[in-house]
Amino acid sequence: MDHFREAGLDPNKPPTTWDELVEMGKLLTQRDNRGRLLRSGFEWNNAASGKLTRFASILYQAGGDFFNEDMTESIINNEAGLKAAETYIAPIKAGIYDPGFHLEEDFENGRVSMTTSGPYLPSNISLKYPHLEYGVDYAAAPYPVIEGGEPAAIFTGWGWVVNARSQNQEAAWKFIAFMAEHPGLWLQRTGFIQPRKGLLDDPVAETIPQLETFLDLNPIMRTMPRTPIYVEMQEPFVEMIDRIALEGMDPQEALDILKAELDELLRIYNQK
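Taking this note's numbering, the leading residue of the sequence shown gets 36, the next gets one more, and so forth.
Any given hint could turn out to be false.
What follows is a list of derived Cβ distance ranges for each label pair [as the list claims (entries may be wrong)]:
no., residue 1, residue 2, range
1, R224, N103, 38 to 44 angstroms
2, H137, D298, 31 to 37 angstroms
3, N253, I124, 24 to 30 angstroms
4, R200, S84, 33 to 39 angstroms
5, N203, N81, 21 to 27 angstroms
6, D37, P177, 19 to 25 angstroms
7, E108, K209, 44 to 50 angstroms
Only pairs whose alpha carbons sit at most 30 angstroms apart, straight line, appear in this in silico DSSO-like list of lysine-lysine [said to hold, decoys possible]:
no., residue 1, residue 2
8, K128, K61
9, K86, K61
10, K128, K86
11, K61, K48
12, K86, K48
13, K209, K232
14, K209, K163
15, K163, K86
16, K61, K209
17, K163, K48
18, K128, K48
In short, the hints are calculated from the structure, not lab data. Small disclaimer: the values here were computed from a predicted structure and weren't measured. Yeah, the Cβ is synthetic: ideal placement off N, Cα and C, and Gly gets one too.
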């Protein structure tokens with residue numbers, strides 16, 4: 036939050052739209068006298084799955100989707116998809132983002148001013164950097180929205196599994212049962228929210244300052260597409276972003292290529 040104050044911005048008034056995020060990011064970004072980035076105003080998650088989920092939020096805000104209703108064809112290259120791609124690329128074009136930065140590490144050490152993440156990031160910071168105080172040094176804010184768009188954000192989940200070949204299956208299941216029976220402790224240590232009734236009644240929940248911000252997003256939460264090619268679609272998606280951001284390809288052309296690739300993945304799967 037010191038970054039905001041240094042730039043003449045109010046840390047209690049975070050960006051509410053992606054356009055505002057880019058403009059604030061320009062004020063927050065710092066470079067040396069040779070133009071090298073010292074501090075990025077904003078960072079995307081650089082993992083393939085992270086890029087996809089962030090893009091999905093913007094796509095849904097624009098009124099779009101990845102596939103048609105019967106999941107037989109991609110519609111990623113329509114007007115909403117184009118708006119989402121242009122919005123996603125905007126921080127890169129504005130020079131406030133550097134793919135060489137590490138989202139969490141550089142955010143925690145002060146080289147990144149803003150990023151997108153989940154309730155787990157503040158928990159990670161509090162564990163690694165206990166001297167940093169939530170609400171004073173850093174804070175969570177609602178997800179920005181496209182100008183004129185519908186608010187939307189992504190929620191995802193993780194599954195606990197026991198390998199069928201494990202020699203310690205009984206112990207593993209006991210450990211999973213223990214974690215599931217202590218959602219408050221799990222929330223405190225990891226920042227991940229278990230979908231269990233009574234979680235908010237756990238006294239531990241009151242010690243998680245960022246929890247309210249994320250729970251308030253529940254009415255606008257959306258899921259990722261339920262498709263058998265979810266894993267396979269991540270690489271073509273990243274390539275689409277790279278074609279626009281690194282190669283300078285026209286966004287519509289890059290989306291047309293992505294649509295064709297997703298349609299081919301669907302065709303191959305449906306032949307099985």
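We went through each hint and held it up to the structure:
1. R224 / N103: 38 to 44 angstroms: holds (41 angstroms)
2. H137 / D298: 31 to 37 angstroms: holds (34 angstroms)
3. N253 / I124: 24 to 30 angstroms: holds (29 angstroms)
4. R200 / S84: 33 to 39 angstroms: With a Cβ separation near 26 angstroms, R200 and S84 fall outside 33 to 39 angstroms, so the hint is violated.
5. N203 / N81: 21 to 27 angstroms: violated (34 angstroms)
6. D37 / P177: 19 to 25 angstroms: holds (21 angstroms)
7. E108 / K209: 44 to 50 angstroms: holds (46 angstroms)
8. K128 / K61: holds (11 angstroms)
9. K86 / K61: holds (21 angstroms)
10. K128 / K86: holds (16 angstroms)
11. K61 / K48: holds (16 angstroms)
12. K86 / K48: Measuring from Cα to Cα gives roughly 25 angstroms; hence the hint holds.
13. K209 / K232: Since the Cα atoms of K209 and K232 sit roughly 21 angstroms apart, the hinted pair holds (cutoff 30 angstroms).
14. K209 / K163: holds (28 angstroms)
15. K163 / K86: holds (25 angstroms)
16. K61 / K209: violated (50 angstroms)
17. K163 / K48: holds (26 angstroms)
18. K128 / K48: Given pair K128, K48 holds - Cα atoms ~24 angstroms apart, limit 30 angstroms.
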